[in-house]
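Chains Z and Y are the protein sequences, given in the same order.
Take the first sequence: its position 96, counted from the start at 1, is 96 in the working numbering, and no numbers get skipped.
Take the second sequence: its position 188, counted from the start at 1, is 407 in the working numbering, and no numbers get skipped.
Hints listed in this document are in silico derivations from the structure and should not be mistaken for laboratory results.
For each residue, glycine too, the CB sits at the ideal point set by N, CA and C.
Ranges of calculated distance between the beta carbons of each label pair, as one might list FRET restraints:
#: 1; chain 1: Z; residue 1: 130; chain 2: Y; residue 2: 329; range: 48 to 56 Å
#: 2; chain 1: Y; residue 1: 262; chain 2: Z; residue 2: 61; range: 42 to 50 Å
#: 3; chain 1: Z; residue 1: 4; chain 2: Y; residue 2: 273; range: 24 to 32 Å
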Amino acid sequence: MSFDFAVILAKLPQILSGLGVTILIWIAGTLAAAVLGFVIATLRRFGGRPVDVLLQLPIEVLRGTPFLVQIFLLYFGGPYIGLRLDPWVAGLLGISIYGAAYYAEIFRAGYQSVPPGHVEAAECVGLTRNQIITAILLPEMALLVMPPSINMAVILLKETALLSLITVPEMTMTVQAIGSQQYAFVEALVILALVYWALVELANWLGRLAERNLSKLSA
Amino acid sequence: MTWKLFSLLLEASLMTIFVSTVSILLGLVMAIILSGLRMSGNRVAYAGAGVFISFFRGVPLLVQLLLIFNLLPVIGITLPSLATAIIGLSLCTAAYQAENLRGGFEGVAPGLIESAEMAGFTKVQSFIWIRTPIALRVTFPALVNEAILILKASSLVSVVGLIELTKMAQNLSASTYQPLPIFASAGLIYLAINLVVAWIGRRAENALPGLPSR
Numbered sequence: 001m002s003f004d005f006a007v008i009l010a011k012l013p014q015i016l017s018g019l020g021v022t023i024l025i026w027i028a029g030t031l032a033a034a035v036l037g038f039v040i041a042t043l044r045r046f047g048g049r050p051v052d053v054l055l056q057l058p059i060e061v062l063r064g065t066p067f068l069v070q071i072f073l074l075y076f077g078g079p080y081i082g083l084r085l086d087p088w089v090a091g092l093l094g095i096s097i098y099g100a101a102y103y104a105e106i107f108r109a110g111y112q113s114v115p116p117g118h119v120e121a122a123e124c125v126g127l128t129r130n131q132i133i134t135a136i137l138l139p140e141m142a143l144l145v146m147p148p149s150i151n152m153a154v155i156l157l158k159e160t161a162l163l164s165l166i167t168v169p170e171m172t173m174t175v176q177a178i179g180s181q182q183y184a185f186v187e188a189l190v191i192l193a194l195v196y197w198a199l200v201e202l203a204n205w206l207g208r209l210a211e212r213n214l215s216k217l218s219a
Numbered sequence: 220m221t222w223k224l225f226s227l228l229l230e231a232s233l234m235t236i237f238v239s240t241v242s243i244l245l246g247l248v249m250a251i252i253l254s255g256l257r258m259s260g261n262r263v264a265y266a267g268a269g270v271f272i273s274f275f276r277g278v279p280l281l282v283q284l285l286l287i288f289n290l291l292p293v294i295g296i297t298l299p300s301l302a303t304a305i306i307g308l309s310l311c312t313a314a315y316q317a318e319n320l321r322g323g324f325e326g327v328a329p330g331l332i333e334s335a336e337m338a339g340f341t342k343v344q345s346f347i348w349i350r351t352p353i354a355l356r357v358t359f360p361a362l363v364n365e366a367i368l369i370l371k372a373s374s375l376v377s378v379v380g381l382i383e384l385t386k387m388a389q390n391l392s393a394s395t396y397q398p399l400p401i402f403a404s405a406g407l408i409y410l411a412i413n414l415v416v417a418w419i420g421r422r423a424e425n426a427l428p429g430l431p432s433r
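The shape of chain Z in the complex, shown without the other chains:
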């Protein structure tokens, strides 16, 4: 038994292109998820009781089912109701919707953390709802929602690996393909694991940096 990593590393351009797709889908998906999650949490906060209850159901379903089942349902089940999506689109959509459910909960906790007195005071001095959200609620909850948001972003990075199972040409799929072409499957997977590991640690480090700067800013 001998391992030959050179045959995999010879395919570096392909690996990098897969890495590019992974990062692109991750960043775009996380941003979309965070924005969608914020919108949902805001609707739940200000939309009255019926909206709050109505939006809770899809959140619970998305958080209670595996991401893999969700993307299979979207990608393989979608065509049966006329929703024929490219793997790319299905993957991005899947990550965004799945992540949105978690971000909605993060922002909900954020909204709850702001003392009601602050909002009442803002209403008394005549601030509009939008002003209250942007000038009072968001800055006050920023410090609290930051760590779970970063944590969720890292989780989403790892979830993008599952998109290989619906044939999105991201890093896992690309490197696996290289591994089988070169008859060096284990080597390919070792390199794949190391790249993810580095990427996740990098994301964690950037997250800690952002947190530190934010807490300095608000101190």
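Given the coordinates of chain Z, assemble chain Y onto it according to the supplied hints.
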């Protein structure tokens, strides 16, 4: 979508529950050992546990499973897919649970450990009999949370060939061309299992003895 298909999914969900339960428990034992290594005061043990935790939390579970599944035969170990699935899931959850337990271990009042040592407990004894029970009690909600995460993550063990709920859904959807109702049903079964686990977790949390006061 017939009752026959649904009952096949239900049957397969027993495998999901079995694999998840075994993995969570094995992972918990490994997590306690990892915590012990981290607090042992031995630098090598500390670094080793740290690397283990960082690696298994830093690599997607899918990649871990594929790696274990393909690596083991190459180094001469052939295992049934059930064993491979359990090894993969429990290694991964061990890393996450060790991280969860950390807060619990840090929260143990130093006075308790000191009095245990005064009473003649060795370091290992006070770790097993004083620190671990308290850490487990404090982090119990995180354990329930992790159980739900692992139940969902167990859907990935389909890639090592184990027929659990997700793999069964894939097979049925390929043979009946009804992916929509089948994956939706599989999702609902996961949801139902998770709701039950969350409910049991809440009941257990209330039934467990209260936290020691400081």
